[in-house]
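Its first residue numbered 0, the sequence shown is counted upward by one per residue in numbering that gives the first Met the number 0.
Possibly wrong hints are sitting among the right ones.
[As the list claims (entries may be wrong)] Computed beta-carbon distance windows for the label pairs: (1) 335 with 258: 21 to 27 Å; (2) 327 with 231: 58 to 64 Å; (3) 166 with 124: 55 to 61 Å; (4) 258 with 120: 15 to 21 Å; (5) 335 with 234: 54 to 60 Å; (6) 120 with 268: 24 to 30 Å; (7) 330 with 179: 41 to 47 Å; (8) 350 with 258: 28 to 34 Å; (9) 190 with 127: 24 to 30 Å; (10) 261 with 282: 37 to 43 Å; (11) 124 with 282: 38 to 44 Å.
[Said to hold, decoys possible] PhoX-like cross-link-like pairs, simulated, lysine-lysine; straight-line CA separation at most 20 Å: (12) 299 with 123; (13) 123 with 72; (14) 194 with 72.
In case anyone wonders, no lab produced these hints; they're calculated from the structure. For each residue, glycine too, the CB sits at the ideal point set by N, CA and C.
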Amino acid sequence: MAINIFRIAPPGSRLGRAPKNEGERAALRNCQQDQNRDNYAMTTSHTHANASPGASAGHDMSAMLAANERALKISSWLTGIYFFIELGLGYLSGSVAVLSDAFHTFSAVGGVLLALVAGRIAAKAADRYRTFGSVRAEIIGALLNGLFLFAMAAFILYMGVVRLMNPVEVEYGLMLLAAAGGLITEVISLRLLFKGQRGNLNMKGAFWHVMQTFVGSLIIIVAAVVVYFTGFVAIDPILGIAFGLVLFWASWSITRDAINVLMETVPGDVDVEMVEDALTTIPGVQEIHHVHAWALTSGKTLFSAHVLVDKSADTEAVLHKAHTELRERFGFYFSTLQVEAGCPNYHDAPEIDFADPRHSRDGGAAKPET
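Whenever a hint applies, use it, and build me the whole structure from the sequences.
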């Protein structure tokens, strides 16, 4: 992880102008060395504690993306092929239950393909039109998948209530055959998707789409066995309604988290006030303002702040300490600090500056001396 920190430019220097004297040339060489160190850190360090020394974060990320894409491709093929098999079984048997489960499988195919497309878009590199890249496509994919799951949960509940009020006779032999075949493909897909869905909302949406078909297959098997031995046909819609409620919970969890990322709320694992306190305890720091913490996408938290320092403070020491705190203690993927001896834009946009002392309960503090 690298932390991008704005540094105070050498006196009299301007971006894009060639240095006029040896002093400016030396200052620019120092800045270039700092930038080279940052670039090296970006390609070698990693925020996870279990990363091996010297491992490339870029390579790890590429390997993770490749593994996720492979899992999504295999899962989409498995569920897609089995959808047509199950659809055929339902058509031949006239079983509404099998046909219903076939369309549950089709919804899983759609969810997995949606996650695959979103992942492909998210992998595109940053450019001058999208300076953060397209990683937010994963969050948009997760949001759509969450809404898709919500619709499927509503459909399952509706079908459960209809079946409960109007029981139907079905061929449970074909139900067992369809469910058993589905379990094979679903177990393989769930195993492939399980690792990637931890910490990735897009993969989590695909995982839960396959999970709904897996549980649907289990429900068919349980219902068939119960009806065979007891004749209690209501077990099928009762189990379906119970799982529909679970699916509602999963869809709400995914949708809520995706909306939070899109709204750029503070990630749940970040205590922004603790970060603020840690930075203000650095020797030479008077206070910080314009503090912002948000997630670019799953697992990539960003941080920015303006840091007011004493005029006699060692700014390089402040930057080094802040760099270490933000990277190692709080695990930020990327951060930007603006170090100031004065506050030229202290009064700018106070409505988006929760750390502004003027927001304190005692009525606010006066502007720091410049």
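Evaluated hints:
{"no.": "1", "hint": "335 with 258: 21 to 27 Å", "in the structure": "holds, 25 Å"}
{"no.": "2", "hint": "327 with 231: 58 to 64 Å", "in the structure": "holds, 59 Å"}
{"no.": "3", "hint": "166 with 124: 55 to 61 Å", "in the structure": "holds, 56 Å"}
{"no.": "4", "hint": "258 with 120: 15 to 21 Å", "in the structure": "holds, 19 Å"}
{"no.": "5", "hint": "335 with 234: 54 to 60 Å", "in the structure": "holds, 58 Å"}
{"no.": "6", "hint": "120 with 268: 24 to 30 Å", "in the structure": "holds, 26 Å"}
{"no.": "7", "hint": "330 with 179: 41 to 47 Å", "in the structure": "holds, 45 Å"}
{"no.": "8", "hint": "350 with 258: 28 to 34 Å", "in the structure": "violated, 21 Å"}
{"no.": "9", "hint": "190 with 127: 24 to 30 Å", "in the structure": "violated, 41 Å"}
{"no.": "10", "hint": "261 with 282: 37 to 43 Å", "in the structure": "holds, 38 Å"}
{"no.": "11", "hint": "124 with 282: 38 to 44 Å", "in the structure": "holds, 39 Å"}
{"no.": "12", "hint": "299 with 123", "in the structure": "holds, 16 Å"}
{"no.": "13", "hint": "123 with 72", "in the structure": "holds, 18 Å"}
{"no.": "14", "hint": "194 with 72", "in the structure": "holds, 15 Å"}
Comparing the model with each numbered hint stated earlier shows that hints 8, 9 do not hold.
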